[in-house]
Amino acid sequence: MDPLLLVTVILGFAMAWNIGANDVANSMGTAVGARAITPKQAAIIAGTMNFLGAYFFGKSVADTIRKGILNVNMIHDPMVIVYGSLSALLAASIWLIFATYNGLPVSTTHSIIGGIVGYGLVYAGSGIVDWGKLGQVVLSWILSPIFGAIVAFFVFKAIRGTILARDDPLRSARHWAPFWTGLAFIVIGTMFYIKVLHGSDLAKGVIFYGIPTGFVVFLLTYALIRVKFKPSDPYIGVESIFRKVQVVTSGYVALAHGSNDVANAVGPIAAAYAVLTVGLSGMKVPVPRWILALGGLGIAIGIFMYGYKVMETVGKKITELTNTRGFSIDFSAATVILVASWLGMPISTTHTVVGAVVGVGLARGVKAINTSILRDIIISWFVTVPVAGLISAVIFKILLLVG
Amino acid sequence: MKLFAKSPFKPLIKHAEVVLETVKTLEKALNAWYHGNYDEMRDLAVEVDRLEDIADRIKEEIRDSLSSRLMMAVSREDVLIYLHMQDKVADSAEDTAKWLLVGRPDGIPKEVKDVILKMGTESIKAAKLVHEAIVQMDRVIESGFAEKEIEREYELIKAIEDVEKAIDELDTELMRLVFENADRFDWSTGFYILNVARTLSNISDKAKDSAERIRLMMNK
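Chains as they are written, first to last, in the numbering used here: chain S, 1 to 403; chain U, 404 to 623.
Please note that the accuracy of each hint is not assured.
As the list claims (entries may be wrong) - Listed next, with one range per pair, are the computed distances between beta-carbon atoms:
| # | chain 1 | residue 1 | chain 2 | residue 2 | range |
| --- | --- | --- | --- | --- | --- |
| 1 | S | Asp168 | U | Tyr557 | 51 to 59 Å |
| 2 | S | His198 | U | Tyr557 | 51 to 59 Å |
| 3 | U | Ala569 | S | Asp168 | 31 to 39 Å |
To be verified - BS3-like, lysine-lysine: derived pairs with alpha carbons at most 30 Å apart:
| # | chain 1 | residue 1 | chain 2 | residue 2 |
| --- | --- | --- | --- | --- |
| 4 | U | Lys561 | U | Lys528 |
| 5 | U | Lys413 | S | Lys309 |
| 6 | S | Lys157 | U | Lys528 |
What the hints assert, rightly or not - With the Cβ distance kept under 8 Å, some of the chain U side facing chain S (calculated, not the full set):
| # | residue |
| --- | --- |
| 7 | Pro414 |
| 8 | Met474 |
| 9 | Glu545 |
| 10 | Ser546 |
Don't read these hints as lab results, they were simulated from the structure. Backbone N, C-alpha and C fix where the C-beta goes; we use that ideal spot for every residue, glycine too.
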């Protein structure tokens, strides 16, 4: 194997490892915080689901340059793509390690985009960057959390209205929990079609995947709650119903995460692989199966090695986040991501989840949110692209001088 | 996620439990005093002082944990003032205990003692209701501010106000009794009785103030 390719593969694997280490807490954090699953279970569910999502449903064709953020036609020397991919992967990995170490949920997509813009600027100046596309990405920093917050606000208000505020919350939960679960699975089923099977017809997705999935889950949940549930305190009863639901929804977030974010690690590998084996050929490159497997494995190992620790910290903290709240956050994030994917907007799972937490908080659902942590998180979003870009630019410059 | 902070309600409930224990111990001390077991009374009064110290410590912990950077379901100011009022309930109990310790308990007419003992029993009711009210407040938030839980909370607040009124009446009756019987004891005994009564009625006064704060929490 070409030594350059080997280095790219190693760095891509490191990037995947970081995606697992940094992002697992974002998709499973609410479920662990609400005591729906233990950190160990979370690591197993997230590891498995991320691998499955990445390997089976990861895109088999990747953008040569993630999200087409650079104009490929302006790159005349294909080796620039190889060096650039190396720089971007290394820069994003360094930034993610830093963020993970400091417990900041940052977007892996934005990290890699920052890295790409960084080497692009060094190579050909500002003309090579598609600023419109970059603007869309920047807009997603702002829109993802806002949509997440708005949807979560109303979802929690609705859960309150249909279940918590009723005369007999437990009885209402028996009827409404299956409904909400079903609704969640209409979203999940449709997301499966769009994100996982990469379908494009929303109506088809809703009718053939969303509604049947939702209906089956509705019936199943209804049956399970009727047969298995022993009532005690009404609110504890309601929460224990949603605890079961949360196990499933958090697993799905992990699946979608794997299928969506693996591209951040494998895209640059695939681009370098294509250049080194067959030469550069336009905007898209094929992604061999083994690279997807490598990405999925990297994410899973990242989860088991480091993400697990993050979860343990989450699990040990008394967050007092209850399951109805956790469900509201998961449900809202899933809905926002579905709609955004359908609209073709670049959206960040991380940002949407954080926004949803704030939304439930604004609906007076969460007893206490740390706004100083919230401020740190938001600042980290704004510095992700510039910092990753700067690191990448430096690395790229060095590579050009050495290579 | 570090995003979620620790809720102040569990510690507030813990604080209310200690406050209730303080008032209960004071009532036992009053009982011992009533029956003339002065040694037992002194031990219990010292215990009241100890419990009040514990309540103080919990109060400090809660204050330290309530950073101004928290986004909460209820306003931080309401929580802090509530905590202050709830702590004053224990403070008042400690004040009563102090008077029991320094005063001379002999030579007090039985009818006066009867009223004071009654005030002690009513004070327990007030402290119990405050504890119930803060537990219920946690439930109000858990239910997402559901009408029926708010309704239940209003009933508890109403009950606290009723107890306060009852103690107020007992206090007035006691003052009347002291002045009617003024020639049966010296000024220091009168001073002693009136101060025991004043500190006792403070317990329910502060319980009522706590209840008022809970009302404001729900209205945010």
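Going through the hints against the structure:
The hint said 51 to 59 Å for the Cβ distance between Asp168 (chain S) and Tyr557 (chain U), and at roughly 20 Å that hint is violated. A C-beta distance of roughly 55 Å is found between His198 (chain S) and Tyr557 (chain U), which places it inside the suggested range of 51 to 59 Å. Ala569 (chain U) and Asp168 (chain S) have their C-beta atoms about 34 Å apart, which keeps the hinted 31 to 39 Å range intact. Restraint check: the Cα-Cα separation between Lys561 (chain U) and Lys528 (chain U) comes to about 13 Å, which is no more than 30 Å; the hinted pair holds.
Straight-line distance between C-alpha atoms of Lys413 (chain U) and Lys309 (chain S) comes to about 27 Å, which keeps the hinted pair within the 30 Å bound. Using a Cα cut-off of 30 Å, the hinted pair Lys157 (chain S) and Lys528 (chain U) is violated, with the two alpha carbons roughly 36 Å apart. Proximity of Pro414 (chain U) to chain S is violated relative to the hint, the smallest CB-CB distance being about 11 Å (cut-off 8 Å). Using the Cβ-Cβ criterion of 8 Å, the hint placing Met474 (chain U) at the interface with chain S is satisfied: the shortest such distance is roughly 4 Å.
Contact between Glu545 (chain U) and chain S, as hinted, is supported at the beta carbon level, the nearest pair being about 5 Å apart and thus within 8 Å. Look at Ser546 (chain U): its Cβ gets to within about 5 Å of chain S, closer than 8 Å, so that hint holds up.
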